[in-house]
Amino acid sequence: MPDAPMTSADDRMRTVELENAKLRKINRVLMDRVERSVDMQGNDFALFETAIVLEAKVRERTAALERALVELERSNALLRAAKAEADAANRSKTRFLAAAGHDLLQPLNAARLFVSALAESKQSAANLRLIESIDASFDSFESLLRDLLDISRLDAGVLTPEVEDLSMNLLLGTLAAEFGPLARRQGIDLRVVPTRTVVHSDKNLLGRILRNFLSNALRYTEHGRVLLGCRRTARGLSIEVHDTGPGIPADRLDAIFDEFRRFDDGRGRGPGYGLGLAIVKRAARILDHRIEVTSKVGIGARFAVIVPYGHAGRVEERPAPDGAMAWKAGLRGACIVVLDNEPSVQQGMAALLGRWECEVVAAQTADAALVELDRGHLAPDLVIADYHLDHGAVGTQAVASLRQRFGHDLPAVIVTADRSPQVLNEVTELGHQLLNKPVRPAKLRSLIDHLLA
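Start counting the sequence shown at 1; every next residue gets the next number (our numbering).
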């Protein structure tokens, strides 16, 4: 039995080793759990820390956005104030243009009346040439002033287009009658091709575009012909002016629409200030009409405006004019009342009408005219009244006062430098005739003859 104690010791050793191995395994498992627990706690802390940083950034961005919104509101307030100031300036500019147009055209109107009265009297050939030169100078000044005022009105946005369906045949006939005599004097063959097409546009602005096209064509064409005609396209009616002038170099086509830019090759007739096509550009932009220009140097040029089609059923077909209205043999004995707040215009109109053998009563107000009529035991046949009279009175009111006395069929011509649609509508609705300053004597006489007839 000597080996028994040894065996028992080995068993105990193995038992201890097994217990230790089990304890080490348990320890490893516990340590793994602890490490995993620590890691999880670390991730939660990192997330918490990240959330704190993000919250700080959100607060910072929110504060910056609030500051930006405050600045934006301040900027919007400044823009609203600037726009209100600009609108007020535009209204002031509109009033100034109306006043400036009236004040500038008043002396020109009086001067033209005096020159016309002088031309009606017996003069020597030398004096007649001087009178013609003076009249041509007035034409040049009038054209420049009208262009400058038109550009100012277009830029100020005070010209509101009155778009309607228009008979092109009527407009083309009017242009033919207006430019035909000028073309004949220059030896140019002006051909106008009629059309029954109806377009949708503003009569005055479209007419101004075509008048500037024709003026340029006649100015730069030395010989040959100028053609005004229309061509139907998918985009609208192409109203075109062709000439046989010198043509325009390709690198100058865009520049000719700038203010005071002319293509001057030394062959242009008469004065030109480079404003006509600038007006065309602005008028076409307001109407949303397309302008086209093509040219070949030495052959000629083509200017066109593309206008939308209108509805023929909405236009009353009328014959196109074939020329200026004929004058009657005379206006002898016709009693005409002239109402104007400018003594020089009264004197000029009286001198001109006196050359036409009319009986003239000139005054500043309707009441003053009535006193003169009663003194002479006269009844007026026609009234010529300036639209803007003194103390806020207008010519239409003065005509109404005279009509109360002499009947509502008393014809009247309203003369004004105000080309606004409001004045035109007022005069038209009252059944009066409208003449723009400066008054052209030939047109005035034709109109008087027509009204008295």
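Worth double-checking, as some hints may not be accurate.
[What the hints assert, rightly or not] Ranges between beta-carbon positions, derived for each pair:
#1 Ala453 with Gly187: 31 to 41 Å
#2 Ala125 with Cys335: 26 to 36 Å
#3 Ala368 with Arg80: 47 to 57 Å
#4 Gln397 with Ser121: 51 to 61 Å
#5 Ser344 with Ser121: 10 to 20 Å
#6 Ala89 with Asp251: 32 to 42 Å
#7 Gly187 with Glu429: 56 to 66 Å
#8 Gly333 with His391: 29 to 39 Å
[Claimed, not checked] Calculated cross-link-like contacts (lysine-lysine; reagent style DSS-like; alpha-carbon spacing at most 30 Å):
#9 Lys443 with Lys203
#10 Lys57 with Lys281
#11 Lys281 with Lys83
#12 Lys281 with Lys443
#13 Lys281 with Lys296
#14 Lys203 with Lys281
Hints are computed from structural coordinates only; laboratory data are not their basis.
The C-beta atom is built at its ideal place from N, Cα and C for all residues, glycine as well.
Each hint, compared with the structure:
Between Ala453 and Gly187 the C-beta distance comes to about 35 Å, which sits within the given range of 31 to 41 Å. At about 35 Å, the CB distance of Ala125 to Cys335 agrees with the hint of 26 to 36 Å. In this structure the hint that Ala368 and Arg80 lie 47 to 57 Å apart at CB holds, the actual value being about 49 Å. Distance hint for Gln397 and Ser121: a CB-CB separation of about 35 Å, inconsistent with the stated range 51 to 61 Å.
Judged by the Cβ atoms, the range 10 to 20 Å given for Ser344 and Ser121 holds: they are separated by roughly 19 Å. Checked against the hint of 32 to 42 Å, the pair Ala89 and Asp251 passes, with Cβ atoms roughly 37 Å apart. Evaluation of the 56 to 66 Å hint for Gly187 and Glu429 yields a failure: the beta carbon distance comes to about 44 Å. For Gly333 and His391, the hinted distance range of 29 to 39 Å is satisfied, since their beta carbons lie about 33 Å from each other.
Distance restraint check for Lys443 and Lys203: the Cα-Cα separation of roughly 20 Å lies within the 30 Å cut-off, and the hinted pair is therefore satisfied. A hinted pair counts as satisfied when its Cα atoms are at most 30 Å apart, and Lys57 with Lys281 does not qualify at roughly 55 Å. For a cut-off of 30 Å, the pair hint linking Lys281 to Lys83 stands: about 25 Å separates their Cα positions. This hinted pair checks out: Lys281 and Lys443 have alpha carbons roughly 29 Å apart, not beyond 30 Å.
Pair hint Lys281 plus Lys296 holds up; C-alpha atoms about 21 Å apart against a cutoff of 30 Å. Proximity of Lys203 to Lys281 is assessed by CA-CA distance (about 16 Å); at most 30 Å being required, the pair is judged to hold.
In the structure shown, a violation is registered for the earlier hints numbered 4, 7, 10, in ascending order.
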